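Peer 1: Given next are the chains, with one letter for each unit.
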Amino acid sequence: MDRQAVMQQGLAETIPVPRLSPEARRRQLREKAIAGFITLMAFTGIAALVLILVFVAKEALALFTEAEARHEASLSKMFLPQVVRQNRPPAFVWQPVSGVPKVSMIPLFIGTLKTTAVSMLVAVPVGVFGALYAAEFAPRRLRELLKPVIELLAGIPSVVLGFFALMVMATFLQDTLGLNTRLNAVVAGLGLALAIVPVIFTVAEDSLTAVPRSYREASLALGATPWETAWKVVLPAAAPGILAACVLGFGRAIGETMIILMASGNAAIVSANLGDSVRSLSATIAAEMGEVVVGSTHYSLLFFIGVQLFLFTFVLNMLASTWTKRVVKKLTGSAS
Amino acid sequence: MKTFLKSLVAVLMVALPVAAQAGTVTVKGSDTMVILGQRWAEEFMKKNAATKVQVTGGGSGTGMAALQNGTTDIAMSSRDIKPAEKDKLRAQYKADAVEIPVAKDGVTFYVSEGNPVTSLTVEQLRDIYLGDITNWKDVGGPDAPIVVYSRENSSGTYVFVKEHVLKGEDYVASAQTLPGTAAVVNAVAKEKYGIGYGGAAYAKGIKELKVKQGNEEIAASAENIKSGKYPLSRNLFFYLRNKPAGEVKAFIDFALSPEGQAIVNKVGYFPVK
Numbered sequence: 001m002d003r004q005a006v007m008q009q010g011l012a013e014t015i016p017v018p019r020l021s022p023e024a025r026r027r028q029l030r031e032k033a034i035a036g037f038i039t040l041m042a043f044t045g046i047a048a049l050v051l052i053l054v055f056v057a058k059e060a061l062a063l064f065t066e067a068e069a070r071h072e073a074s075l076s077k078m079f080l081p082q083v084v085r086q087n088r089p090p091a092f093v094w095q096p097v098s099g100v101p102k103v104s105m106i107p108l109f110i111g112t113l114k115t116t117a118v119s120m121l122v123a124v125p126v127g128v129f130g131a132l133y134a135a136e137f138a139p140r141r142l143r144e145l146l147k148p149v150i151e152l153l154a155g156i157p158s159v160v161l162g163f164f165a166l167m168v169m170a171t172f173l174q175d176t177l178g179l180n181t182r183l184n185a186v187v188a189g190l191g192l193a194l195a196i197v198p199v200i201f202t203v204a205e206d207s208l209t210a211v212p213r214s215y216r217e218a219s220l221a222l223g224a225t226p227w228e229t230a231w232k233v234v235l236p237a238a239a240p241g242i243l244a245a246c247v248l249g250f251g252r253a254i255g256e257t258m259i260i261l262m263a264s265g266n267a268a269i270v271s272a273n274l275g276d277s278v279r280s281l282s283a284t285i286a287a288e289m290g291e292v293v294v295g296s297t298h299y300s301l302l303f304f305i306g307v308q309l310f311l312f313t314f315v316l317n318m319l320a321s322t323w324t325k326r327v328v329k330k331l332t333g334s335a336s
Numbered sequence: 001m002k003t004f005l006k007s008l009v010a011v012l013m014v015a016l017p018v019a020a021q022a023g024t025v026t027v028k029g030s031d032t033m034v035i036l037g038q039r040w041a042e043e044f045m046k047k048n049a050a051t052k053v054q055v056t057g058g059g060s061g062t063g064m065a066a067l068q069n070g071t072t073d074i075a076m077s078s079r080d081i082k083p084a085e086k087d088k089l090r091a092q093y094k095a096d097a098v099e100i101p102v103a104k105d106g107v108t109f110y111v112s113e114g115n116p117v118t119s120l121t122v123e124q125l126r127d128i129y130l131g132d133i134t135n136w137k138d139v140g141g142p143d144a145p146i147v148v149y150s151r152e153n154s155s156g157t158y159v160f161v162k163e164h165v166l167k168g169e170d171y172v173a174s175a176q177t178l179p180g181t182a183a184v185v186n187a188v189a190k191e192k193y194g195i196g197y198g199g200a201a202y203a204k205g206i207k208e209l210k211v212k213q214g215n216e217e218i219a220a221s222a223e224n225i226k227s228g229k230y231p232l233s234r235n236l237f238f239y240l241r242n243k244p245a246g247e248v249k250a251f252i253d254f255a256l257s258p259e260g261q262a263i264v265n266k267v268g269y270f271p272v273k
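Taken in order, these protein sequences are the chains called A and B.
Each residue of the first sequence is one higher than the one before, counting from 1 in UniProt numbering.
Each residue of the second sequence is one higher than the one before, counting from 1 in UniProt numbering.
These are calculated hints, taken from the structure and not from any lab test.
Source: prediction; values computed, not measured.
Worth double-checking, as some hints may not be accurate.
In silico DSSO-like cross-links for lysine-lysine, where the CA-CA straight-line distance does not exceed 30 Å [claimed, not checked]:
| id | chain 1 | residue 1 | chain 2 | residue 2 |
| --- | --- | --- | --- | --- |
| 1 | A | K58 | B | K88 |
| 2 | A | K58 | B | K86 |
| 3 | B | K86 | A | K77 |
| 4 | A | K77 | B | K88 |
| 5 | A | K77 | B | K167 |
To be clear about the criterion: a stretch of chain B counts as covered by chain A if any three or more of its residues have a C-beta under 8 Å from a C-beta of chain A, and this derived list gives those stretches [as the list claims (entries may be wrong)]:
| id | stretch |
| --- | --- |
| 6 | 83-97 |
| 7 | 144-155 |
| 8 | 169-179 |
Ranges of calculated distance between the beta carbons of each label pair, as one might list FRET restraints [stated by the list, open to error]:
| id | chain 1 | residue 1 | chain 2 | residue 2 | range |
| --- | --- | --- | --- | --- | --- |
| 9 | B | A50 | A | E144 | 55 to 61 Å |
| 10 | A | T65 | B | D138 | 46 to 52 Å |
| 11 | A | E66 | B | D143 | 46 to 52 Å |
| 12 | A | F79 | B | D138 | 30 to 36 Å |
| 13 | B | D138 | A | V293 | 33 to 39 Å |
| 14 | B | Q213 | A | F172 | 37 to 43 Å |
| 15 | B | T71 | A | N317 | 31 to 37 Å |
Quick reminder that beta carbons are idealized off the backbone N, C-alpha and C, glycines included.
This is chain A alone, in the form it adopts within the complex (with noise of 0.2 Å):
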């Protein structure tokens, strides 16, 4: 038989679908709607992102769109000096529930600045040397206690932290620095730091023990000590997963509002001073929302803050996230 017949033959005859036994077409049925069911539940979670954006941004967009709301709450007003008191400099002022509200948001700016910067001075080291040490130094039996230590301390509500720093670390800090303020950026700062050295331990600690073996037996064999290897190897070559780390830990310290609305004093003030008290972003949202009338160019600016919280955020993920790219290319491209 030549080819072109047998090819005749093979299109004449139908193959003969398999016939499925209603039991196996159940489970095929069932597959379906299961895949079909996660794949809705996965566009909930994205579908309430957006909208909540959505929500977020239209209500602060009446501060553009408002003639009364432009008056009152111009950029110029938010963001530059501003007379407040007569026979006074121009200065910014954070003071919204007032026969004429004064709203600059800068030293709110300068509050989450101060707090955020604190915490990640203290958190950063921490968190990535408790790390570098869980991972290459510690004895088994250790590391396996102080990993869950740690990690418990990630589920430590932050309401109790808060209430931590106010109680217990405001007076020791004044007593110790001889701070003017119980309350200030240094205590809630730190207060933040207990919330992210958790954070920032667990994802440095994944990242380090993720290096492969043959790097560390690779440094040994050639001479370097201990410490030189995981300095000088382990280290960089979990550089990514470490930065990340921070950026989680940044993200985090940004939008937390508990423990600063606690521990800081929330007093807006615009000073380089760490040991004043000082007022964040989001604390002054959660402060202030219970209160505003709704509609109100007070509730717009809240929801303008959020939005700037929200942008600081989805910059800064975006930025790490090349910044990694791009550490892991020269990493790779270095050792190849």
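Given the structure of chain A, go ahead and fit chain B onto it with the hints provided.
Peer 2: Frame of chain A, contents of chain B only:
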């Protein structure tokens, strides 16, 4: 799946507005009045087992907002209703808000127990809170900077002090704002050179400042507040959307009865009658 549906139904039932349920009176608002409201509710429920009274705080503004949204029956407020709030309520419910004074309170200024200053004039308080006086030595105290504590701007006490002490001007920027009078009391107790304010009922573990008028030092005492001699006294209000009726009316009647007003005394405020 069945249990999932059941739990979903349960969650929905809890989530439904409580105000809509029969036999429940919700009271929300001023943190200053929460303790008072809860005592009233306890005693009232002992007598009327069928009615449930739920009392929550959050600040006078929060109560007003809840009254507007319809999530509470009664809003507790330690300040007068604002014109904007009044207009919104009228627009939404086609009736004027009903205002019922239920108790009297004096706003007291506190300092730490170790502070030698015992009295200040209203003008001195004003200058401290405006930031014109920043050292205790300017008001007869030790040479130390004044740490100013205030309330969050959702508080009725914040508005009261702003209007009656600051004459409508803004608090100094360095004034630290704390959630709740209890937090202010706690902070002042721990801060040697601090000053704070709040309702008289809260003043425990700290020193209450007397208010100086001329040569007289007036304490925030019962008779001074009742007679109106103490310059910084205020009414505490219930606000309603409409004329009270049914269970809400019964609760308010109880609060204004001699028995209810005795509770006012016990909690540390002063009766209106």
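Peer 1: For each hint, tell me whether it holds in the structure or not.
Peer 2: Evaluated hints:
no., hint, verdict
1, K58(A) <-> K88(B), "holds (21 Å)"
2, K58(A) <-> K86(B), "holds (26 Å)"
3, K86(B) <-> K77(A), "holds (29 Å)"
4, K77(A) <-> K88(B), "holds (27 Å)"
5, K77(A) <-> K167(B), "holds (24 Å)"
6, 83-97, "holds (count 3)"
7, 144-155, "holds (count 6)"
8, 169-179, "holds (count 10)"
9, A50(B) <-> E144(A): 55 to 61 Å, "holds (58 Å)"
10, T65(A) <-> D138(B): 46 to 52 Å, "holds (48 Å)"
11, E66(A) <-> D143(B): 46 to 52 Å, "holds (50 Å)"
12, F79(A) <-> D138(B): 30 to 36 Å, "holds (35 Å)"
13, D138(B) <-> V293(A): 33 to 39 Å, "holds (38 Å)"
14, Q213(B) <-> F172(A): 37 to 43 Å, "holds (41 Å)"
15, T71(B) <-> N317(A): 31 to 37 Å, "holds (36 Å)"
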